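Kindly generate the complete structure, drawing on both the sequences and the hints.
Chains A and B, in that order, give the protein sequences.
Using this note's numbering, the first residue of the first sequence is number 1, and each one after it goes up by one.
Using this note's numbering, the first residue of the second sequence is number 1, and each one after it goes up by one.
Because the hints were derived from the structure by calculation, they are not lab data.
Keep in mind that this is a model prediction, so the values were computed, not measured.
Some hints could be false.
Stated by the list, open to error - Example chain A residues on the side facing chain B (calculated, C-beta under 10 Å, incomplete):
id	residue
1	Val164
2	Asp196
3	Met202
4	Ala247
Beta carbons are placed, not taken as given, at the ideal position from N, Cα and C, and that holds for glycine.
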Amino acid sequence: MFEPIRLIGEAALRALARLGQATLFIVQVIAGIPPLLRRFSLVITQLYEVGVLSIAIIAVSALAVGMVLGLQMFYTLRDFGSEQILGQVVALSLVRELGPVLTGLLFAGRAGSALTAEIGLMKATEQLSSMEMMAVDPIKRVVAPRFLAGILSMPLLAAMFSAVGIIGGYLVGVGMLGVDSGAFWSLMQANVDFYDDILNGMIKSLVFGIIITWIAVFEGYDAKPTAEGVSRATMRTVVHSAFAVLAFDFILTALMFGGS
Amino acid sequence: MYTRMTEIAVGCFVAVGLAALVMLAMKVSNLGAFSDTDGYTVSARFENIGGLKVRSPVRLGGVRIGRVNAISYDQDRYEAVIEMTIGNSYDRLPVDTAANIFTSGLLGEQYIGLEPGAEEDYLASGDVIELTQSAIIIEQLIGHFLLNESQAE
Numbered sequence: 001m002f003e004p005i006r007l008i009g010e011a012a013l014r015a016l017a018r019l020g021q022a023t024l025f026i027v028q029v030i031a032g033i034p035p036l037l038r039r040f041s042l043v044i045t046q047l048y049e050v051g052v053l054s055i056a057i058i059a060v061s062a063l064a065v066g067m068v069l070g071l072q073m074f075y076t077l078r079d080f081g082s083e084q085i086l087g088q089v090v091a092l093s094l095v096r097e098l099g100p101v102l103t104g105l106l107f108a109g110r111a112g113s114a115l116t117a118e119i120g121l122m123k124a125t126e127q128l129s130s131m132e133m134m135a136v137d138p139i140k141r142v143v144a145p146r147f148l149a150g151i152l153s154m155p156l157l158a159a160m161f162s163a164v165g166i167i168g169g170y171l172v173g174v175g176m177l178g179v180d181s182g183a184f185w186s187l188m189q190a191n192v193d194f195y196d197d198i199l200n201g202m203i204k205s206l207v208f209g210i211i212i213t214w215i216a217v218f219e220g221y222d223a224k225p226t227a228e229g230v231s232r233a234t235m236r237t238v239v240h241s242a243f244a245v246l247a248f249d250f251i252l253t254a255l256m257f258g259g260s
Numbered sequence: 001m002y003t004r005m006t007e008i009a010v011g012c013f014v015a016v017g018l019a020a021l022v023m024l025a026m027k028v029s030n031l032g033a034f035s036d037t038d039g040y041t042v043s044a045r046f047e048n049i050g051g052l053k054v055r056s057p058v059r060l061g062g063v064r065i066g067r068v069n070a071i072s073y074d075q076d077r078y079e080a081v082i083e084m085t086i087g088n089s090y091d092r093l094p095v096d097t098a099a100n101i102f103t104s105g106l107l108g109e110q111y112i113g114l115e116p117g118a119e120e121d122y123l124a125s126g127d128v129i130e131l132t133q134s135a136i137i138i139e140q141l142i143g144h145f146l147l148n149e150s151q152a153e
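Okay, here's the thing in structure tokens:
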């Protein structure tokens with residue numbers, strides 16, 4: 001009779017233990033960040049892998065999202081005779097929500113999965129333990145640069161996403177559908193606040209970057225050193241990151257924009 | 001050579017990301033046009049402020065010169081108190097300037113429209129605008145209109 005309850009308890013305890021492991025792990029990683037400042041080339045390489053190689057998918061998605069947003073909003077707004085506020089609508093939804101969240105989801109799929117697979121495979125092929133053998137701390141040498149690169153990349157990618165998305169909305173709204181260009185920009189500027197909207201969006205993307213990269217490096221480092229284990233860890237990275245991004249987005253939105 | 005190319009690519013990445021942020025700041029938000037931090041604060045009392053909100057614009061002759069800073073209610077006088085910040089470059093508003101609450105368009109946002117008076121003295125920080133006119137509430141207008149119609153019959 002108590003079996004189902006026991007199972008719930010067991011699952012909860014396991015999740016809690018894993019969270020504890022992940023927290024202890026991240027403390028070690030963060031402790032490994034200061035020495036990196038003297039060997040920044042390690043981070044540069046990872047910035048290339050994590051950030052530069054993600055630009056293509058971010059830019060293409062942002063353009064598509066911005067254009068679709070412009071198109072759909074235009075037809076609804078036209079019914080109210082207020083298609084001039086298209087710029088404001090596109091900019092606010094991108095800067096506040098879509099930019100950070102979609103960048104987070106894409107980042108988890110593009111960069112997070114790659115990080116997990118790479119670290120997991122390093123573990124499976126015993127590269128990490130051979131590093132330990134040579135008295136090189138794999139957390140400092142392998143994990144910390146990737147973590148730092150992920151955190152630095154996310155806000156930049158999110159800023160690019162919002163900017164490219166707004167350009168996409170501009171192309172469709174002004175170029176294709178004939179919204180007045182001046183009204184598009186001026187109403188946007190009048191209603192988008194730098195601190196309340198853009199800076200909060202950036203904070204969001206920074207938080208998402210920390211969460212996604214944390215999940216990615218932990219899952220990779222914690223993966224079972226088998227082919228199946230690495231594949232499962234990669235899968236978990238993408239799924240957990242997506243859930244975490246959506247959940248934290250709700251919380252952050254409520255905290256940031258709930259007041260007014 | 002590989003690391004050199006990598007470094008160049010990362011440099012471009014960071015530069016493009018920061019450029020996007022600057023574009024968001026200057027082109028998308030109001031940071032380039034009007035800075036809310038430097039300005040002086042004046043207040044005004046209204047019977048009814050309608051849909052005015054914090055951050056609503058303050059306009060002078062249609063030009064945005066400031067924004068609403070705080071909204072509160074004075075229980076002693078039963079009036080709403082609006083505090084607004086006006087940009088430092090607009091420091092020559094006469095003390096008998098009038099403040100009205102207007103709506104831009106039929107369904108647009110509400111804003112405070114200032115109309116300069118004729119006094120020699122200028123408003124300074126902490127001053128109160130005495131001449132005010134409340135927001136026009138469409139429901140009240142319709143109510144008055146219907147009442148007049150029915151009385152005429």
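Now for the hints, and whether the structure bears them out:
1. Val164: Since chain B brings a Cβ to about 8 Å from Val164 (chain A), closer than 10 Å, the hint holds.
2. Asp196: 8 Å, holds
3. Met202: 7 Å, holds
4. Ala247: 25 Å, violated
Of the numbered hints given earlier, the model fails hint 4 alone.
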